[in-house]
Every structure is written in C-alpha cells, then in structure tokens.
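Residue numbers (numbering that gives the first Met the number 0), protein chains in the order written: chain A, 0 to 404; chain B, 0 to 185; chain C, 0 to 67.
Don't take every hint at face value.
Stated by the list, open to error - Some chain C residues judged to face chain A by a derived CB distance under 8 Å, without partners named:
(1) 7
(2) 9
(3) 11
(4) 30
(5) 32
(6) 53
(7) 56
(8) 62
(9) 63
Bear in mind the hints are in silico, worked out from the structure with no lab data behind them. This one's a predicted model, so the numbers in the text were calculated from it and none came from an experiment. Ideal placement from N, C-alpha and C gives every residue a C-beta, glycine not left out.
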Amino acid sequence: MELIPLGPDAESLAMHRQRVGPLPTAPSGQLIAELEASGLLGRGGAGFPVGRKWRAVAERSSGGAVVLANGAEGEPLSLKDRSLMAARPHLVIDGALLAARAVGADDIIFYVGVEQRAAEAALRHALAERPADVRGRARIVKAPAGYVSGEESAAVHFVDAGDARPTTTPPRPFERGVGGRPTLVQNVESLALAALIARRGHAWYQGLGHGRARGIGLLTVSGAVNHAGVHEVEFGSTLSDAAAAAGGLNGDVRAVLLGGYFGGWADLDEQWSLPVDAPSMRARGLALGCGVMHFLPAKTCGVEATARIMSYLASQSARQCGPCVFGLVAIADATRRLAARSPQPHDLERIIRWGGELTGRGACRHPDGAVALLQSAVQVFADDFAVHQRRHCVTIAARARDAVA
Amino acid sequence: MNDTILWYATRGAGVVSLVLLTGVVVLGIVSAMRWQTTSWPRFLTTGFHRNLALATLIFLALHVVTAVVDPFTALGWKAAIIPFSSPYRRLWLGLGVVGIYLLLAIIVTSLLRPLFGPRVWRTVHWLAYAMWPVALIHGIGTGTDPRFAWMLAIEAVCVGSVVAAVAWRVSRVGPTTWRRVPAASP
Amino acid sequence: MGEALRIDRIRCDGHGLCAELLPELVRLDDWGYPIIKPATVPASLVEHARRAVDACPVVALRLRRTTG
Numbered sequence: 000m001e002l003i004p005l006g007p008d009a010e011s012l013a014m015h016r017q018r019v020g021p022l023p024t025a026p027s028g029q030l031i032a033e034l035e036a037s038g039l040l041g042r043g044g045a046g047f048p049v050g051r052k053w054r055a056v057a058e059r060s061s062g063g064a065v066v067l068a069n070g071a072e073g074e075p076l077s078l079k080d081r082s083l084m085a086a087r088p089h090l091v092i093d094g095a096l097l098a099a100r101a102v103g104a105d106d107i108i109f110y111v112g113v114e115q116r117a118a119e120a121a122l123r124h125a126l127a128e129r130p131a132d133v134r135g136r137a138r139i140v141k142a143p144a145g146y147v148s149g150e151e152s153a154a155v156h157f158v159d160a161g162d163a164r165p166t167t168t169p170p171r172p173f174e175r176g177v178g179g180r181p182t183l184v185q186n187v188e189s190l191a192l193a194a195l196i197a198r199r200g201h202a203w204y205q206g207l208g209h210g211r212a213r214g215i216g217l218l219t220v221s222g223a224v225n226h227a228g229v230h231e232v233e234f235g236s237t238l239s240d241a242a243a244a245a246g247g248l249n250g251d252v253r254a255v256l257l258g259g260y261f262g263g264w265a266d267l268d269e270q271w272s273l274p275v276d277a278p279s280m281r282a283r284g285l286a287l288g289c290g291v292m293h294f295l296p297a298k299t300c301g302v303e304a305t306a307r308i309m310s311y312l313a314s315q316s317a318r319q320c321g322p323c324v325f326g327l328v329a330i331a332d333a334t335r336r337l338a339a340r341s342p343q344p345h346d347l348e349r350i351i352r353w354g355g356e357l358t359g360r361g362a363c364r365h366p367d368g369a370v371a372l373l374q375s376a377v378q379v380f381a382d383d384f385a386v387h388q389r390r391h392c393v394t395i396a397a398r399a400r401d402a403v404a
Numbered sequence: 000m001n002d003t004i005l006w007y008a009t010r011g012a013g014v015v016s017l018v019l020l021t022g023v024v025v026l027g028i029v030s031a032m033r034w035q036t037t038s039w040p041r042f043l044t045t046g047f048h049r050n051l052a053l054a055t056l057i058f059l060a061l062h063v064v065t066a067v068v069d070p071f072t073a074l075g076w077k078a079a080i081i082p083f084s085s086p087y088r089r090l091w092l093g094l095g096v097v098g099i100y101l102l103l104a105i106i107v108t109s110l111l112r113p114l115f116g117p118r119v120w121r122t123v124h125w126l127a128y129a130m131w132p133v134a135l136i137h138g139i140g141t142g143t144d145p146r147f148a149w150m151l152a153i154e155a156v157c158v159g160s161v162v163a164a165v166a167w168r169v170s171r172v173g174p175t176t177w178r179r180v181p182a183a184s185p
Numbered sequence: 000m001g002e003a004l005r006i007d008r009i010r011c012d013g014h015g016l017c018a019e020l021l022p023e024l025v026r027l028d029d030w031g032y033p034i035i036k037p038a039t040v041p042a043s044l045v046e047h048a049r050r051a052v053d054a055c056p057v058v059a060l061r062l063r064r065t066t067g
C-alpha cells in the first residue's frame, strides 16, 4: 500500500522522509516527462492526464504561475482527500512543490474545505516544519462548504474575489487563473501520486495495476459494506475486489453509485466484474470520478435515494444560470413527487425531457452532472420509476411483506 | 417673419422631443418588464426604443440650432454648450443643456456597448430617470406665457404615461430577483 | 470556416429576443432560456444572427468565427 494507511495521526516530516525519501531535485522538464509517461490521470473527478495539464501551464508561465492544490472535496460521499491531507500532508506538500517547480510558480495555495479541521491542522503543522522559503510561498485558503466550490474556476474565483461560484470559461485557469496568471488546479491525491512518481519513475506507476489498467488510487466505499471508508486499490481490480477491500457486502445490494453525485448508478449484478479504472468505466458509460462507491442496500428505494440526491444538487446550484436554477429545481421537485408516490400525470416524461434539454446549458458542468445521475437512475431503476409513476413502490411493498413474513 | 418661424421651430421641435423622449422612457420600462403579446414581440419594443431615441436627437438638434441662431433670443452657442451660462432663464435653460448631455451619455454608451461593457452601460442608462424629468422641467420653465391648453394637455399626457410606467415597474417584483449579487467577472 | 453562436450563460437573463429574431436556430425552454443549435450559422442566416446578437439587452450572445 502506497498512500494507505491513513492515520490516525499526521506523519511528521521525519516520518515522511523515512518512508519515501527526500524531495527529488529533477528539473521541471524531466518531471513533466515522467508524469506524461506514467499515464497518471487526475483524481479530482475529471480524470484529465496530469502531465499534459502541467505542460499546458508550464508553456504559458513565465515564472509567475500559481499552483492550487485542490482539497475542497465537495462530493458529500467522498472522504479520500481530507483523509489524505490529514494523514500525509507532507506527501501532498511535496507534490505541490514539485508542481510549482515544474510550471514555474511562486505561489502555492492549499484549498481546503472550511469544515475539514483535521486536514487543515495537519497541513498547517506540516508547513511549519518546512524551511522558510517554502513557508513564504505557500498559504492555506479555506474553501466554503458547498458542492461546487471545488470546481476549478470556482476555486480560482474564490481566491481572487471571495466568491466560490464558477465563472464563464474560456479562459480556463491553466490560461488565466488566480490574479490573471496561469494556474494549475490539481487534486491533492493527484499531487501525492505525482510526488511518488517523481521519486520512483514512471515505470513504477506503470507496473502497478491489473490487466490493461495502470496505477493505483483511493476509493471512498460506503453503504452496505462492513468497513466503509477510504481504501486503496490497484486499478483494474474489479468492483467485487473493491467491495471485498471494504470488508464485503453486509446485505442484499441491487445498485451501486459510482463516482459520487457527479457519477451515476450501476446495476450491481451487471457490473460485479467491472474493472475499476477510469478508461474502462468510461467505455461502459460509467464514471470513476472521484472514486466514490456507494452500495445501496436493496431495502432502500432507488427512486427515493435519487430524489434526495437531486434535491441536494438543485440546492447546490450557484444560481447564476437560468436553465440550472429553474430546470434543476423543477427536475428535483418532480423526482421528489415521484419518490413520494404522488406524481403529477407526466412527471416521469417531464424529468426525462427537461434532463435532455438541460445538458450543456449552464456555465459549468453542474447541471450536466445532475442530469447524468438522473438518467442513470431512470435506466437502472427503470421498473421502480414506472411503478412510482403509478403511485406504488416495489421496495416498500417488499419491506411490508418481509415484516409480516 | 423669419424670427417667428425660428421661434416656432424651436418650440415645436422641443415639444416633439419631449413627446419622443416620453415614448423612449415608457418603452424602456416596457422592455425591462418583458411585456409581450403574440402580436407584439419584444424586439419591437427594443427596436422602437432605440429608433425613437435616435429620432429624438434629430429634433433636439433642430431645437438647439434654431434656438441659438434666432436673433430674438440672442442665446449664442456658449449657452447651448455650457449649462447655466445664459442670462436668459438661466436655471431652466441650463437644465435643458444638462438634459442633452445626459441623453448623449446614454446614447453613446448604448451604441458602443461592446466597448464600455454591460456594467457601465447599465449604470449610465439609469440616468434616464434623471434625464426625463430634467427635460420636462426645462420645457415647463422656459415655456412662454400664456400657457396654451394644448401644451398643458401634452405635458399632462407625458407625465401621466411616465408616472404610470414607473408605478408599474416599482409595483412588480423585478424579473431577476431570483439572483443574488451577480458574480464579479474575472 | 464560418460563424457560430456563443452564449454567456451567466449573463443570459432569459429575455428571449434572440429566439424572436432567429427562431431557426434558437428556441426557448419552459422558463424562457435559449436552447441554441450548436452548428455553424448558415450563410443565409448570418445577418439575422448579427441582429439577434445586437438585440440582446445584456450582451450575452456573440458570434464567433469557427474553424469548421
């Protein structure tokens, strides 16, 4: 295990150096080449190749670039970033320092969720252990609570103007970010993995993984498992392996939420042997995203679970674009009515139509993600949605039957 | 004979300008309230709003030029350019000059909106609520005795229209109140 | 080579003049916000597209040159 175990206490600088060795001194061009060769993909949710991102910022930087280590972790079901920062702050700091060297940045920002006290404390303590020139270049910025505050343009906007709402792109942060300077916004787990690749070389990372998949990563497993929490897996291992790593399933499970609220539902029977790996999952129309895997117990109604998620996502809209404000709220309300088994006559048709019209019509991808989740729900829980439109619920009926059986 | 024609031209162009400006202000409010019917789409409101404003400039030019060159008033160009510099009805005339400058600011920022940006445009456009009363008061203050009934009737209709439109605007919750403070653009 | 419509979704306030002036390419959703056909603007409609851009009260619509 490379990133695990996480905790219970933050490692000190001495423990960190003992575990992984000193910070490599390779020049920036070599660092970027190693990352590109390793095939490391970003772990914030988008899965963009890390080396290519660093190169894009480096090309536009003339020494005044900015590195924003993104630990905001807005996905409610995800715990990996805060756990990583709380337990291995020095690995994250190393990643940020290497990124700063690679892209020519003199300003390093650690963007940490305001409610992540352990992570913030660990980072502060770890920065205090570093030499003065590092402390002078680095600062911690507390991200406001909220689903979209970790979106890259929102992060930049908050640092610049105290407003954590996404902005119209282009330009993207790698072109014009904090203070108008090229900014590398990178997830903290990606930075930690970069720090390991810089020491051990791309071949080490390429050597990890099963089958055609490469590399390792953190998952947050929750729901009907015995040991919910953050687990490390080699990509290419299956969904059943991930469940096993979390102590196995502790009941009947029909569906699993993959990738968090920005991902989608999948039928467990169909995907039990799914290779956990961003490209493989994308090829099957699924998402690894930020590594969330929530196993929904069969006794929980999928329509109700979806309605709760849609209401949350609608409430988390930045409220800047009409289609998202009105469309997402209308979809969430209709889904809630369906879940409560008191829908209006065309609610199911409507949410499908509105969803189709909503994609791509916001300034950020928030409505797109919500619609993708809804569409996956309507597919995976197709029978349940149809039954709910007729004002019944299969899950409730099953619970009632089991209660008197 | 000539003098009388110039004098009538000045007053006539002035009245027409006031009526046109009233139309412009009312249409601006109708546009902001997003009013439309199946046979009156919104682009007609905004189109007329712009065209009437530009037409007003023509009548204002006539109004100013005839007033300045009229030997009877002996105003001179200075009075038309520097507000409150004419000894003849200093305050009321001065207001007219101020009104024209306000109108020009609004029109120039509107024509060159891509250059000025939406926020400057919006701020300057709000001056319309100052520009119209200024124009009206200028008209009343510089008007000659006796006050003709038709003149009073026109003024009453203009005032009534603007008051009604503003009351409508104020009574209804604005179309964008679902927004909170807009984001500062990067 | 051609021109494409780009919209600033944050500035857009659902005034809907674009849909009135360019119904071939813009229609409004249930709340008055534009749904724009993503393709290049056909040459016959470019002038209408320019008028639609000009009519937008909040300057949310733009015509951009594209390479395709």
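Quick rundown of the hints versus the structure:
1. 7: 5 Å, holds
2. 9: Holds, about 5 Å.
3. 11: 7 Å, holds
4. 30: Holds: closest Cβ of chain A sits about 4 Å from residue 30(C), inside 8 Å.
5. 32: With Cβ-Cβ at 4 Å, under 8 Å, it holds.
6. 53: Violated, about 20 Å.
7. 56: Where the cut-off is 8 Å and the nearest Cβ of chain A is about 14 Å from residue 56(C), the hint is violated.
8. 62: Interface hint status for residue 62(C): violated (16 Å vs cutoff 8 Å).
9. 63: Cβ of residue 63(C) sits 11 Å from chain A, so the hint is violated.
Taken one by one, the earlier hints fail for this structure at numbers 6, 7, 8 and 9, listed in ascending order.
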